[in-house]
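Heads up: the sequence lines are chains A and B, in that order.
Here the first sequence is numbered in this note's numbering, starting from 190 and rising by one per residue.
Here the second sequence is numbered in this note's numbering, starting from 457 and rising by one per residue.
For the record, the hints were derived by calculation from the structure and aren't laboratory data.
Just so you know, not all the hints are guaranteed correct.
[Said to hold, decoys possible] From the structure, some residues in chain A lie toward chain B, with a derived Cβ separation under 7 angstroms: (1) G209; (2) E210; (3) K234; (4) G241; (5) L245; (6) V288; (7) E289; (8) F434; (9) S436; (10) S439.
[What the hints assert, rightly or not] Distance condition first, Cα-Cα at most 30 angstroms in a straight line; then the derived DSSO-like pairs of lysine-lysine: (11) B:K648 / A:K239; (12) B:K591 / B:K581; (13) B:K648 / A:K234; (14) A:K387 / A:K407; (15) B:K534 / A:K234; (16) B:K591 / A:K255; (17) B:K591 / B:K534; (18) A:K234 / B:K479; (19) A:K234 / A:K255; (20) A:K339 / A:K407; (21) B:K479 / B:K461; (22) A:K339 / A:K433; (23) A:K407 / A:K433; (24) B:K534 / B:K461; (25) A:K239 / B:K461; (26) A:K339 / A:K387; (27) B:K591 / A:K433; (28) B:K581 / B:K534; (29) B:K581 / B:K648; (30) B:K581 / A:K433; (31) A:K239 / A:K255; (32) A:K433 / A:K387.
Yeah, the Cβ is synthetic: ideal placement off N, Cα and C, and Gly gets one too.
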Amino acid sequence: MSRERTYQTEAVVLRRRNWGEADRILTLFTPLRGKIRVRAVGVRKPASRKAGHLELFHRATLFLAKGRDFDIITQAETVEAYSPLREDLIGSAAASYAVELLDRLSPEESENAAAYRLLVRTLEQLSAGGDPALALRCYDLKLLEYSGYKPELSLCTVCGGEIRAEDQFFSPARGGAVCPRCADRAEGRFPVTLAALKVLRHIQRSELEEALQLPVGKSTLEELESILQRYIQYLLESPMRSRKFYSEVSRPRGEGGV
Amino acid sequence: MTLPKPVSRLIEQFQRLPGVGPKTASRLVYHLLRVPEEQARNLGEALLDLHAQTRFCSVCFNITDVSTDPCAVCRDDKRDGSLLCVVEAPLDVQAVERAQGFHGRYHVLHGAISPVEGIGPENLKIGELVERVRKGGVQEVILATNPSMEGEATAMYIHRALQGQGVRVTRLARGLPVGGDLEYTDETTLAKALEGRSAM
Ligand SMILES: [Zn+2]
Ligand SMILES: [Zn+2]
Numbered sequence: 190m191s192r193e194r195t196y197q198t199e200a201v202v203l204r205r206r207n208w209g210e211a212d213r214i215l216t217l218f219t220p221l222r223g224k225i226r227v228r229a230v231g232v233r234k235p236a237s238r239k240a241g242h243l244e245l246f247h248r249a250t251l252f253l254a255k256g257r258d259f260d261i262i263t264q265a266e267t268v269e270a271y272s273p274l275r276e277d278l279i280g281s282a283a284a285s286y287a288v289e290l291l292d293r294l295s296p297e298e299s300e301n302a303a304a305y306r307l308l309v310r311t312l313e314q315l316s317a318g319g320d321p322a323l324a325l326r327c328y329d330l331k332l333l334e335y336s337g338y339k340p341e342l343s344l345c346t347v348c349g350g351e352i353r354a355e356d357q358f359f360s361p362a363r364g365g366a367v368c369p370r371c372a373d374r375a376e377g378r379f380p381v382t383l384a385a386l387k388v389l390r391h392i393q394r395s396e397l398e399e400a401l402q403l404p405v406g407k408s409t410l411e412e413l414e415s416i417l418q419r420y421i422q423y424l425l426e427s428p429m430r431s432r433k434f435y436s437e438v439s440r441p442r443g444e445g446g447v
Numbered sequence: 457m458t459l460p461k462p463v464s465r466l467i468e469q470f471q472r473l474p475g476v477g478p479k480t481a482s483r484l485v486y487h488l489l490r491v492p493e494e495q496a497r498n499l500g501e502a503l504l505d506l507h508a509q510t511r512f513c514s515v516c517f518n519i520t521d522v523s524t525d526p527c528a529v530c531r532d533d534k535r536d537g538s539l540l541c542v543v544e545a546p547l548d549v550q551a552v553e554r555a556q557g558f559h560g561r562y563h564v565l566h567g568a569i570s571p572v573e574g575i576g577p578e579n580l581k582i583g584e585l586v587e588r589v590r591k592g593g594v595q596e597v598i599l600a601t602n603p604s605m606e607g608e609a610t611a612m613y614i615h616r617a618l619q620g621q622g623v624r625v626t627r628l629a630r631g632l633p634v635g636g637d638l639e640y641t642d643e644t645t646l647a648k649a650l651e652g653r654s655a656m
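Okay, chain A solo, but in the shape it has when bound (with noise of 0.2 angstroms):
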């Protein structure tokens, strides 16, 4: 990095949190240094100009000062606000779920362009409206590779042989799939039936614009959303936050939604 006392970044909002009187700490994610944490002076007062640029999900061109804690926001321009989400009590949540397991993933200032990229066409696809079931998926599958634990799906991870035609087993501790004659030699595995495993594959094969074409009935995305936030929770040793407040708004009212 330059010594410069000044610079320039694109960045999305991932988390805020109030500061002093009127200040505000939010962590970004950025192309170039991934994740960091920055200083928004005054942002919480009404004639303040950046406060509009800096909301959560916004991408921004911002210009920074290097400080002593946290570097200073001293211009923030937005690139991409995502307003429909604002209106969108299902696509914001998706988004809150988006950004919280980036945050989770990401160590501090550790450059992750591809994860950039992906969470920008993420948040495109649900402030367009896009069903975000198949589109939080798909955001699993590719951010936990981008992040270094992509899922091994060809191979038995117990005996390194080839996954065949058949039901098979999950081991969140191993990273991947336990073929059936290797499942009692695999701790905390459960099963997975082939459709779903082939679904995962998929996606994990394609671009993500084809991925998020896919047709997939809803008990196999029940089923992909199971077997991935159990491989999730294992890495994070701790279940997502936002995905109980997900879950509840997007399940149609009467089914014990509000």
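With chain A's structure known, arrange chain B with the ligands on it following the hints.
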């Protein structure tokens, strides 16, 4: 040099307050060492009373005197009980009161939905609001949550939760700055926003 225990302890406590760094904390503590003991005692007692002598109103969840529950606003017959203004925090009640354009009652949520931070509807006074409306007598619920992503999500969630209750649900007019805090909004802007509220 190690500081005397009572000094370092108070510095530590001050540092936990919003916006107070180590320098300010030390300055405050050394200032308090120089003031008459009575002044320091008053401060200590005020701090103790803050929690011992206040509670949440059992109706609107604003902060009230322990001996005054329901709170003064909930008891005031001159205020319109059919009109509820829903805000995120007690400070927002103060802000709306300052604007002087509102004569209904309040409901304080104590936060906004923020899934990323693990704050869901069950952590806020939303169930209590729905119950309050269900009991009847409320004709309009004005959602005055902050115009932030979290505030919008909270408003949308409550709107959904109140569907079928036969109550009019309105949202403060936009015109409030996006990403801002209600607490910092000037009176004129807030009064206009109240005037121009619209159906959801
Ligand atoms: Zn095997
Ligand atoms: Zn009250």
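For a quick check of understanding: which of the numbered hints are violated here, in increasing order?
When the structure is compared with the hints, numbers 9, 10, 15, 16, 24 and 25 turn out to be violated.
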